[in-house]
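Novice: Using the hints provided, position chain X relative to the given structure of chain V.
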Amino acid sequence: MSSIARLLRAREAGILVMLVLFALVVGLIQPRFLTAETLRIVLLAVPLIMVAAMGQMMVLVARHVDLSIGSILGFSAIAAGMIFRDHPDWPLFIGFGVALLSGALLGLFNGLVVTLFKLPSIIVTLGTLSLYRGLLFILSGSKQIDPNDIPEPLIKMAQTSPIDIPWIVIIAFGVALATHVFLTYSQIGRQIYAIGSNPAAAPLRGIRVMPVTILVFTLSGALAGLAGIIYAARFGYVNPGITGVGFEFTVIAAVVIGGVSINGGVGSVAGTVLGVLFLGAVQVALPILGVSGFWQNAIYGGIILIALVIDRTVRQGGLRGLLARGGA
Amino acid sequence: MSATGPLVSARGISKSFGGVEVLRNVDLDLMPGEVHALLGENGAGKSTFSKILAGVHKPTRGTLSLAGQPVEIPSPIAAQRLGITLIHQEPISFPDLSVAENLVIGQVGARPLGRVRWAALAQEAKRLMALLDVPIDVTKPMRGLSIADQQMVEIARALASDSRLIIMDEPTAALTPKEVETLFKIVRRLREEGRTIVFISHRLEEVRAICDRVSIFRDGDRIETAWTADLSDAEIIRRMIGRPVADYLHRGTSHVGAVALSVRDLTLPGRFEGISFDVRKGEIVGLGGLVGAGRTDVARAIFGVAPASSGTISVDGKPVTINEPSDAIALRIAFVPEDRAIAGIFRSLPVETNITAAVPEKIAPRGIIRRATEKLLASQSVEKLSIRLASVRQPIGELSGGNQQKAILARWLLSDPEILILDEPTRGIDIGVKAEFYDMIGELAASGRAILLISSELPELLALSDRILVMSEGRLTADIPRAEASQEAIMFAAVPRSGRHTVSGAAA
Numbered sequence: 001m002s003s004i005a006r007l008l009r010a011r012e013a014g015i016l017v018m019l020v021l022f023a024l025v026v027g028l029i030q031p032r033f034l035t036a037e038t039l040r041i042v043l044l045a046v047p048l049i050m051v052a053a054m055g056q057m058m059v060l061v062a063r064h065v066d067l068s069i070g071s072i073l074g075f076s077a078i079a080a081g082m083i084f085r086d087h088p089d090w091p092l093f094i095g096f097g098v099a100l101l102s103g104a105l106l107g108l109f110n111g112l113v114v115t116l117f118k119l120p121s122i123i124v125t126l127g128t129l130s131l132y133r134g135l136l137f138i139l140s141g142s143k144q145i146d147p148n149d150i151p152e153p154l155i156k157m158a159q160t161s162p163i164d165i166p167w168i169v170i171i172a173f174g175v176a177l178a179t180h181v182f183l184t185y186s187q188i189g190r191q192i193y194a195i196g197s198n199p200a201a202a203p204l205r206g207i208r209v210m211p212v213t214i215l216v217f218t219l220s221g222a223l224a225g226l227a228g229i230i231y232a233a234r235f236g237y238v239n240p241g242i243t244g245v246g247f248e249f250t251v252i253a254a255v256v257i258g259g260v261s262i263n264g265g266v267g268s269v270a271g272t273v274l275g276v277l278f279l280g281a282v283q284v285a286l287p288i289l290g291v292s293g294f295w296q297n298a299i300y301g302g303i304i305l306i307a308l309v310i311d312r313t314v315r316q317g318g319l320r321g322l323l324a325r326g327g328a
Numbered sequence: 001m002s003a004t005g006p007l008v009s010a011r012g013i014s015k016s017f018g019g020v021e022v023l024r025n026v027d028l029d030l031m032p033g034e035v036h037a038l039l040g041e042n043g044a045g046k047s048t049f050s051k052i053l054a055g056v057h058k059p060t061r062g063t064l065s066l067a068g069q070p071v072e073i074p075s076p077i078a079a080q081r082l083g084i085t086l087i088h089q090e091p092i093s094f095p096d097l098s099v100a101e102n103l104v105i106g107q108v109g110a111r112p113l114g115r116v117r118w119a120a121l122a123q124e125a126k127r128l129m130a131l132l133d134v135p136i137d138v139t140k141p142m143r144g145l146s147i148a149d150q151q152m153v154e155i156a157r158a159l160a161s162d163s164r165l166i167i168m169d170e171p172t173a174a175l176t177p178k179e180v181e182t183l184f185k186i187v188r189r190l191r192e193e194g195r196t197i198v199f200i201s202h203r204l205e206e207v208r209a210i211c212d213r214v215s216i217f218r219d220g221d222r223i224e225t226a227w228t229a230d231l232s233d234a235e236i237i238r239r240m241i242g243r244p245v246a247d248y249l250h251r252g253t254s255h256v257g258a259v260a261l262s263v264r265d266l267t268l269p270g271r272f273e274g275i276s277f278d279v280r281k282g283e284i285v286g287l288g289g290l291v292g293a294g295r296t297d298v299a300r301a302i303f304g305v306a307p308a309s310s311g312t313i314s315v316d317g318k319p320v321t322i323n324e325p326s327d328a329i330a331l332r333i334a335f336v337p338e339d340r341a342i343a344g345i346f347r348s349l350p351v352e353t354n355i356t357a358a359v360p361e362k363i364a365p366r367g368i369i370r371r372a373t374e375k376l377l378a379s380q381s382v383e384k385l386s387i388r389l390a391s392v393r394q395p396i397g398e399l400s401g402g403n404q405q406k407a408i409l410a411r412w413l414l415s416d417p418e419i420l421i422l423d424e425p426t427r428g429i430d431i432g433v434k435a436e437f438y439d440m441i442g443e444l445a446a447s448g449r450a451i452l453l454i455s456s457e458l459p460e461l462l463a464l465s466d467r468i469l470v471m472s473e474g475r476l477t478a479d480i481p482r483a484e485a486s487q488e489a490i491m492f493a494a495v496p497r498s499g500r501h502t503v504s505g506a507a508a
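Protein sequences, first through last, are from chains V and X. So the first sequence is numbered by the UniProt record's numbering: it starts at 1 and just counts up by one. So the second sequence is numbered by the UniProt record's numbering: it starts at 1 and just counts up by one.
Quick caveat, the hints were computed from the structure, so don't treat them as lab data. Backbone N, C-alpha and C define an ideal beta-carbon position, used for all residues, glycine too. Hints are supplied without guarantee of correctness; some may be wrong.
Partial list, derived from the structure: chain X residues whose beta carbon lies under 10 Å from chain V [to be verified]:
(1) Ala78
(2) Ile92
(3) Gly106
(4) Trp118
Straight line, CA to CA, 20 Å or less: simulated SDA-like cross-link-like pairs of lysine to any residue [unchecked claim]:
(5) X:Lys384 x X:Ser447
(6) X:Lys140 x V:Glu12
(7) X:Lys140 x V:Ser268
(8) X:Lys58 x V:Leu204
(9) X:Lys140 x V:Ala13
(10) V:Lys118 x X:Ser75
Taking CB as the label site, the calculated pair distances span [as the list claims (entries may be wrong)]:
(11) V:Leu119 x X:Phe346: 23 to 29 Å
(12) V:Ile170 x X:Glu72: 49 to 55 Å
(13) X:Arg188 x V:Val181: 40 to 46 Å
(14) X:Arg81 x V:Ala200: 18 to 24 Å
Excised from the complex, chain V in its bound form (with noise of 0.2 Å):
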């Protein structure tokens, strides 16, 4: 087989297919969306879901699931926006540490709970989904970080950089890139592949299920936290009730559209990065075409399951396989 079919017999060539036709159905409807601007809006709209999808990707291949990322983004926001109001001098970077460093922290009990007790992961974290939103209500007094005390050098970097992309946006790449080199190229990476792929299997192959089980939903908590920090950088507040509500839905969403499979083993940085465009295209698409905010959720749902359709004809021998199926 040569490469070029390789290429396209891969899962995430559907995907972008996918993506280049909606932006040129689209663009045929609203010649203004496709323009550079708009490419600039859509990168601006993908760091927050791009970095926690990398997390959530992590998660789903090793067959599990992660849906306190919501929260814990809320409560890393909220505790690293405390940091700033409270003690404007301190440096920047102190601010993140914290982000990092209690989503860290908030996925590793997520981990804990999950491997200790042997408990399915979706619904640990739906537990913690709404223990990590409680406590970020205690922590904060239910007060919203104001603008005004979000730092602005924070801002500055949803906006710019050395080099005209903003910062967020080289973060998220960069988080991508690394995602994409440690799973493919180091032999945990491959093991979180592997414990997916058979879990019955993997403790009798030697692998260590429970370190790196926990690891995975660590990392997705760091990043759900790193995205916390982002979130306070474009938007410049944080209110403990928004502030990630509902985040776990766009990013599973994603992911899931980036040919990830909810089976375990099954996911690249390639497919999801291609995911996470696809949705932040969309999410700028709608109101250009005009489309009210009350059909987004709608609409969301209705891609997924239309990215998930595609996917499996896509599988089992393109469409006619399908009809085949079907009318036997």
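Specialist: Only chain X this time, still in chain V's reference frame:
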């Protein structure tokens, strides 16, 4: 064997699960450079013993030493580190990873943050597969490999980690004779290199072909260890089951009646072609051939799982259309599939639900399940087939393989089928239960059922069948009456040869 001491010395090994002792005081020495068979019925303790060597289970009591040094083997990783590899009965693999990755993942010495060198990995994998002389593309994912190929990958993995002790748990169960030959060649070479092989198999002829010594287990005790050549088959079997065995006697074929099932020119491109045969009431027709010859595909086509694209099926002389299994069930055809784990059982559901699954009209006459009826029917079946279980409410997945198989047979007997298709009904079942199965199959035929029996075990086919059909590469190549049937005749027809003219249609 060399003059040095044993590679492995087990002394007083005992193991209990939940208070039940499954291994009692086992002493065993394994010498360097020997192939050592562990024999025994299912549940005799041979698999538990191997798993203790491989670090999967920890012994309750007893000591192990390796090359004279006392050792503990607390985990599979520790076993690997000591140079012990267990090749599981059902090859375990990571279907989404490539063959090459499957060979090395979890391997000792790999640092967690170490780099995966893809090019070197592929090269090493190719070298190992070449050693085994199996043409497998190592860059392809494991998913989609045949069981035989997966087995070869497992063996390659043992070579990759340079193991001193390689334990093979029923490695030949899913292999064709040619693949078995390849495996034996490899085993002999490993023995010459001074490695120790533990070989678990139910097939005595294989044990004879390859094993220097045998150890026989029964009910958790090691009964005897001896040179293979010093024991006759009958002696081995007697020690395994603890009682003398009569040969399976073939029942008379006096009650063969009218044609019940008739297929003509059944074809599914790429799977089978021009298949024609009849099965009469009261007749057991054996269907032999190598794994992959298309026998299961024919059965699946008759049962409507994957219908043929052309050809006709008649039941009791009338042409019928079977597009899905429910059509076949309505015609009172039953199919006990080969791979019960995938196609046969509802693993997490209770035994009673599994047994009554094919007869909804009996347990739920008006669409509402009558618990009492369900329980009664299930309990009757359990008693009739002597299925061993704690309760009919127990999830079927907790039963042993043989008892699961009996429960599936019970399911189809409840539906009172006229035509019964059995696909490898006794695979992985121990000898005692097999004999019970043979009796049951004989009784079913005697009561006027038409039975199509697919089996890769030649003695089984010979013992039970009135006629034996043989398939090779998707075609029928022989229809052998009982009087002329022999292992040689079946194998002659089963082995593919280029340019041979098949006798398709000969069955009519």
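Novice: Grab the minimum C-beta distance from Trp118 (chain X) to chain V and call the hint holds if it beats 10 Å, violated otherwise.
Specialist: holds, 8 Å
Novice: Taking 49 to 55 Å as the hint, is the beta-carbon distance of Ile170 (chain V) and Glu72 (chain X) inside that range?
Specialist: holds, 51 Å
Novice: For the pair Arg188 (chain X) and Val181 (chain V), does the Cβ-Cβ distance stay inside 40 to 46 Å?
Specialist: holds, 44 Å
Novice: Taking the beta carbons of Arg81 (chain X) and Ala200 (chain V), is their distance inside 18 to 24 Å?
Specialist: Cβ of Arg81 (chain X) to Cβ of Ala200 (chain V): about 22 Å, so the range 18 to 24 Å holds.
Novice: Between Lys140 (chain X) and Glu12 (chain V), is the straight-line Cα distance small enough, at 20 Å or below?
Specialist: holds, 17 Å
Novice: So the hint says 23 to 29 Å: do the beta-carbon atoms of Leu119 (chain V) and Phe346 (chain X) match that?
Specialist: holds, 24 Å
Novice: Holds or violated: the hint that Ala78 (chain X) contacts chain V, with Cβ atoms closer than 10 Å.
Specialist: holds, 9 Å
Novice: So, as I understand it, the hint says Gly106 (chain X) touches chain V; can you test that by seeing if any CB pair is closer than 10 Å?
Specialist: Status holds, d = 4 Å.
Novice: Go through the hint on Ile92 (chain X) and say holds or violated, using the shortest Cβ distance to chain V against 10 Å.
Specialist: holds, 4 Å
Novice: Take the C-alpha atoms of Lys140 (chain X) and Ser268 (chain V), compute the straight-line distance between them, and say whether it is at most 20 Å.
Specialist: At roughly 17 Å apart (the allowed maximum being 20 Å), Ser268 (chain V) and Lys140 (chain X) satisfy the hint.
Novice: Are the Cα positions of Lys58 (chain X) and Leu204 (chain V) separated by 20 Å at most?
Specialist: holds, 14 Å
Novice: Checking one constraint from the list: CA of Lys118 (chain V) to CA of Ser75 (chain X), max 20 Å. Satisfied?
Specialist: Status holds; Cα separation ~19 Å.
Violated hints for the displayed structure: none, as all numbered hints are satisfied.
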